[in-house]
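Asks: Sequences listed follow chains A and B, in order.
Using the numbering used here, you'd call the opening residue of the first sequence number 1 and step up by one each time.
Using the numbering used here, you'd call the opening residue of the second sequence number 308 and step up by one each time.
Not one of these hints is a red herring.
Ranges of calculated distance between the beta carbons of each label pair, as one might list FRET restraints: (1) A/L117 / B/V323: 31 to 39 Å; (2) A/T129 / B/T317: 15 to 23 Å; (3) A/W128 / B/S545: 40 to 48 Å.
Selected chain B positions facing chain A (in silico; Cβ < 10 Å): (4) A357; (5) R382; (6) A385; (7) M386; (8) F388; (9) S390; (10) L393; (11) P395; (12) G406; (13) M407; (14) E408; (15) R453; (16) A454.
Simulated from the structure, these hints should not be mistaken for lab results.
Glycine included, every Cβ here is placed at the ideal spot set by N, Cα and C.
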Amino acid sequence: MPTDFTSQAVTAGTGTPAPIRKRRRTAAAPRVILYLILALFCVYYLLPLCVMVVNSLKPLGEITAGGMMALPEQWTLAPWSSAWSTAQVGVDATGLRPYFVNSILMVVPAVAISTILGALNGYVLTKWTFRGATLLFGLVLFGCFIPFQIVLIPMARMLGLMGIAGTVPGLVFVHLVYGIGFSTLYFRNYYAAFPTELVRAAQIDGAGFFTIFRRILLPSSGPIAVVCIIWQFTNIWNDFLFGASFSDFDSQPMTVALNNLVQSSTGVKEYNVHFAGAIMAALPTLLVYVVAGRFFVRGLMAGSVKG
Amino acid sequence: MGFLEIDRATKSYGAVKVLHETDISIDEGEFLVLVGPSGCGKSTLLNMIAGLEEVSSGDIRIKGRSMNGVKPADRNIAMVFQSYALYPNMTVRGNISFGMEMHKVPKPERETKIAQVADLLQIGQLLDRKPGQLSGGQRQRVAMGRALTRDPDVFLFDEPLSNLDAKLRVDMRMEIKKLHQKLGTTIVYVTHDQIEALTLSTRIAVMYGGYVQQMGTPREIYDNPANLFVAGFMGSPSMNLFPARVVDAGGAPAAEFTLAGGETALLPFAGDALAAQQGRDIVLGIRPEAITDEGGADRNSRAVHVVESPIEITEPAGSDTFVVTQWGGRDAVGRFRADVPARAGDRFAFAVNMEKAVVFDPETETRIA
Ligand SMILES: Nc1ncnc2c1ncn2[C@@H]1O[C@H](COP(=O)(O)OP(=O)(O)O)[C@@H](O)[C@H]1O
Ligand SMILES: [Mg+2]
Numbered sequence: 001m002p003t004d005f006t007s008q009a010v011t012a013g014t015g016t017p018a019p020i021r022k023r024r025r026t027a028a029a030p031r032v033i034l035y036l037i038l039a040l041f042c043v044y045y046l047l048p049l050c051v052m053v054v055n056s057l058k059p060l061g062e063i064t065a066g067g068m069m070a071l072p073e074q075w076t077l078a079p080w081s082s083a084w085s086t087a088q089v090g091v092d093a094t095g096l097r098p099y100f101v102n103s104i105l106m107v108v109p110a111v112a113i114s115t116i117l118g119a120l121n122g123y124v125l126t127k128w129t130f131r132g133a134t135l136l137f138g139l140v141l142f143g144c145f146i147p148f149q150i151v152l153i154p155m156a157r158m159l160g161l162m163g164i165a166g167t168v169p170g171l172v173f174v175h176l177v178y179g180i181g182f183s184t185l186y187f188r189n190y191y192a193a194f195p196t197e198l199v200r201a202a203q204i205d206g207a208g209f210f211t212i213f214r215r216i217l218l219p220s221s222g223p224i225a226v227v228c229i230i231w232q233f234t235n236i237w238n239d240f241l242f243g244a245s246f247s248d249f250d251s252q253p254m255t256v257a258l259n260n261l262v263q264s265s266t267g268v269k270e271y272n273v274h275f276a277g278a279i280m281a282a283l284p285t286l287l288v289y290v291v292a293g294r295f296f297v298r299g300l301m302a303g304s305v306k307g
Numbered sequence: 308m309g310f311l312e313i314d315r316a317t318k319s320y321g322a323v324k325v326l327h328e329t330d331i332s333i334d335e336g337e338f339l340v341l342v343g344p345s346g347c348g349k350s351t352l353l354n355m356i357a358g359l360e361e362v363s364s365g366d367i368r369i370k371g372r373s374m375n376g377v378k379p380a381d382r383n384i385a386m387v388f389q390s391y392a393l394y395p396n397m398t399v400r401g402n403i404s405f406g407m408e409m410h411k412v413p414k415p416e417r418e419t420k421i422a423q424v425a426d427l428l429q430i431g432q433l434l435d436r437k438p439g440q441l442s443g444g445q446r447q448r449v450a451m452g453r454a455l456t457r458d459p460d461v462f463l464f465d466e467p468l469s470n471l472d473a474k475l476r477v478d479m480r481m482e483i484k485k486l487h488q489k490l491g492t493t494i495v496y497v498t499h500d501q502i503e504a505l506t507l508s509t510r511i512a513v514m515y516g517g518y519v520q521q522m523g524t525p526r527e528i529y530d531n532p533a534n535l536f537v538a539g540f541m542g543s544p545s546m547n548l549f550p551a552r553v554v555d556a557g558g559a560p561a562a563e564f565t566l567a568g569g570e571t572a573l574l575p576f577a578g579d580a581l582a583a584q585q586g587r588d589i590v591l592g593i594r595p596e597a598i599t600d601e602g603g604a605d606r607n608s609r610a611v612h613v614v615e616s617p618i619e620i621t622e623p624a625g626s627d628t629f630v631v632t633q634w635g636g637r638d639a640v641g642r643f644r645a646d647v648p649a650r651a652g653d654r655f656a657f658a659v660n661m662e663k664a665v666v667f668d669p670e671t672e673t674r675i676a
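Just chain B, with the same shape it has in the complex (with noise of 0.2 Å):
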């Protein structure tokens, strides 16, 4: 029995229903990252376990407890908002002690806490400014504060790095991460963004159209996508996914596609899962880093198939350097080695490592390899 249960949990708003059946268990300590595109649901199932929003059907448990019918005050949670949601009219130090003065914690004790809390996030020097004085990183940190006040069982945060700049969002992820490895409390973390899911997460969740899609680790997820969505969805720059042909090549299937001259190349499977499939239409998966330069190719792979095919573009990135060409009429990105001398409108050599390919049925849009 997980520690943090969602049972088949539902969510309507009249006839509209915004999160379908969801069932997700996750043990202590773990560090959930519910991801997905904007509307998906993940606030609204982030507020169902917080108790801001009713359940529909189903039920959530935390250590066992059914929520049902308690008040978030009683769950013992703690939440980070979104726009941080600090009281404007208080202080820091107001901010961070109204939750444990509504919860009668007397005051010594609560200026003991607010010390403790102000040291562990270096907020000591703000404690007697109010919120409108503070910049968006300091206003983070007041906001993580009074959510640490609580030594809750679970600590849910709702996209609490999305209004910063992107080089404070890489500091304040680092410090998320530092903390919850400090801490060991359970984490519900709700994110837009993929890298955010990857980097914190010891499991996540993705999210699209009210479905959770798959769920699994961080690497699970990265290598072994359930369907399309979470395919292209998750990875930066995202999966290279194009329409292919099971074919038969020398008693091994393979797939066949078209480049950009209208001549095809074949790309033999590692598996021999597709063997007795010839002609089917698939879409095929790989990611950037599996294709490379030949050199780059990674040597522990025993499929790695080399493809001629012309340069459309290359885009320098300093470590670096992603090279565009056509494979199957859609862009397919590789990542070669910064100083191979690709230039647009060669003719090159590239290096697939067919391990890490992905196969998709193009009407289900579920895996089949």
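Isolated chain A (complex conformation) (with noise of 0.2 Å):
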């Protein structure tokens, strides 16, 4: 991660001299083509996307008529209303809502606990050192790296004395214990670069532990924070494994009920609907890219240290 608190060199005001004219001419032509292929990339991310809103947007007919690729005649919302509260998921007709609310449930605690201890923990691995500190790290390091199917069953039985089988408390402690490795390897990486010295000045003026990571070590970790978000909000959400194998019919999240809801219509299959649902299913991961994104900054260190 490109996270330098030091060298944020005073760049602005060293403008190039402006290029001669005819060397932009000839510059011109490879910038044209480069621009044409990212375009065509672009198109090319961007079609299923497209397809997806297109055909939610159509009655089913349009689409089992073989229309695929074309614009609806007849526009319509029906398709999303019905996937929110009406279509069969499962066993009960009740649209995906329920099972969204269980996503959002889920997701939302996950992250924060997660990103929170997460760090806590590269506060501590960084600035509160202790034997052994380094092995430690290494070792939930390794724990970033458990492949999932290992802990499914150890989980269960876990989860299953912990009295939190099949709910959505569960579901977040899974999700917390897996988050937690990467949200430490994110802030511990960050926090190795945050001066000691602010540390130190701050526990010469009295600051304590929790002080200190308040008011001194959060202000800065907006950037690594709106990463670890946007990596803990995607993997949790878009979790298919843990959601299907750790979940009752009452706590299943999005992505299983997508599942059912594609599996369990009977008779025809309701392409439109299942599009609707599969773009919901797909909006806030969509949503937190957009509004977090924005949050990228950089530079929020520069002048702490020597300029």
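From these two lone chains plus the hints, build me the complex, please.
Replies: Structure follows, in structure tokens:
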């Protein structure tokens, strides 16, 4: 992660002189080709989304008639409302709404807690190091890369013992356990570059462990917190394996419910409803990127240390 | 009993001992400078006084109170860091008031104190800026301002000027000295710059390799270095140190050494500490200002002796000209008056004030005369 606290060189105002006309004209040709290629890839990546959106807005008849790629002749929001509140998901005709709520209830605490704990871990591992800290961090890292499948059965047993098997809190717990490894990794590496002298200065000023964390480190942690939140949110929201393994009918997350929606349709497959449901399942992660990505600001640390 | 006492304090990281048994004792109001090359343990010792590093063995006392187990915030010290360590997310005002806030100083009192400090350091117009918007010198002032709000028993400075450019460094050095004279607070100041050490201190501890090599007033350190390291480290240009041999010259001991051409020269010692030691190999130490042209020699000295020696190069430096010759196979630098017509290649008369000469044992590197 390129988090360099100290090297924000002062480059503003050192503009390069304007290039000579002739050179600009010859440079234009490669530039046009470059943009063409980029545009091509853009279309390539956007096409599936377009197809989904377009098909979620037409009546089923238009799709089964073979018009997958065409724009709707008759625009309708019916597939969306059906997917949201009335479609058959598994045994009940509840739509995806309750499962969407489940996912929110799962992902918000899991992301929040794992990010906070990761930040605390990173803080301790870099600024309050102790004998064996490196080994501990190694183990945490190892935890990041344990394949999901290996922990399924022990985890099921654990959740049973804790009395939260098949519940949303159970899912939160599972994702928390997995998420802390990554969030610790992010924050540790970020805080390793954070000037220790600031912590020492705060200690001399009389600030305690948590005050230093809250007043000195956290205000400078924006960029890494955003990275961590995006990563955790995407992973936890999109998870299917844990959701399918550790949830009951009433605690299923969105991903599992989407699968059930697609699988459980009796008779005709309502593709337009499926498309609408799939977009619904994808929207929150998109939203997180759009909203949080704006806070991806560097340079919060400029000037803390020598300039 | 001293105001600040370091009593057989040591510091080890695992098996590595970075600070060997150290004894330092200074009185209230003194300006102690810890000076030494990078890595010698200065910052470690300072951090131990601050409580940022634990003492591995021994004790540190401030006002007679043992600091073992006392948190940094409870030691009544203030510290200025090399990198200034200003909190980047707070304004200058926030930076200065943070410590008082932590010590639960009521707001009106904080405001008065901030105004006072801002006035003293002339940073009043900067109070609402963030550290990122300040120049190096301004940051330095703010860092000092933060320390000044505390009325501490001891100020600790860790190379506070090393990130400033040369001109600013000299200005700030003067300001720190003025500040010390005004406030009279005890200061412990770390630097690797021996000029800073000599100009600022009332007392110097020269450190090397985790040992305090010598402790004394600037004059003592400069005139009577305890060993070869201190002699070579303190002073600029540094002391000439070259091999010589003790011989008998008409009943009095003298130092014999070789010149560039292979011939030898004699310099009689001012004292007779080496009287019975003919034949002994020594390292002779003479500061550049004790090697002059004849007209520039110290008239109060009764031990000025002349050595005729070929000049290798001359370095005019405005007020003086530094003249380099070869003694004992080493470059020896003399400080001549600027208008002396000394030219490279000439054979010239070097007047040596032997009252200022010091002698070291080449094996133990300690002072013998
Ligand atoms: N946390 C540490 N662990 C191991 N060695 C250290 C640590 N901190 C400092 N040292 C070593 O202690 C010695 C003295 O360091 P320091 O006091 O920072 O020197 P300086 O005189 O340049 O301020 C150095 O050799 C350094 O490598
Ligand atoms: Mg240091």
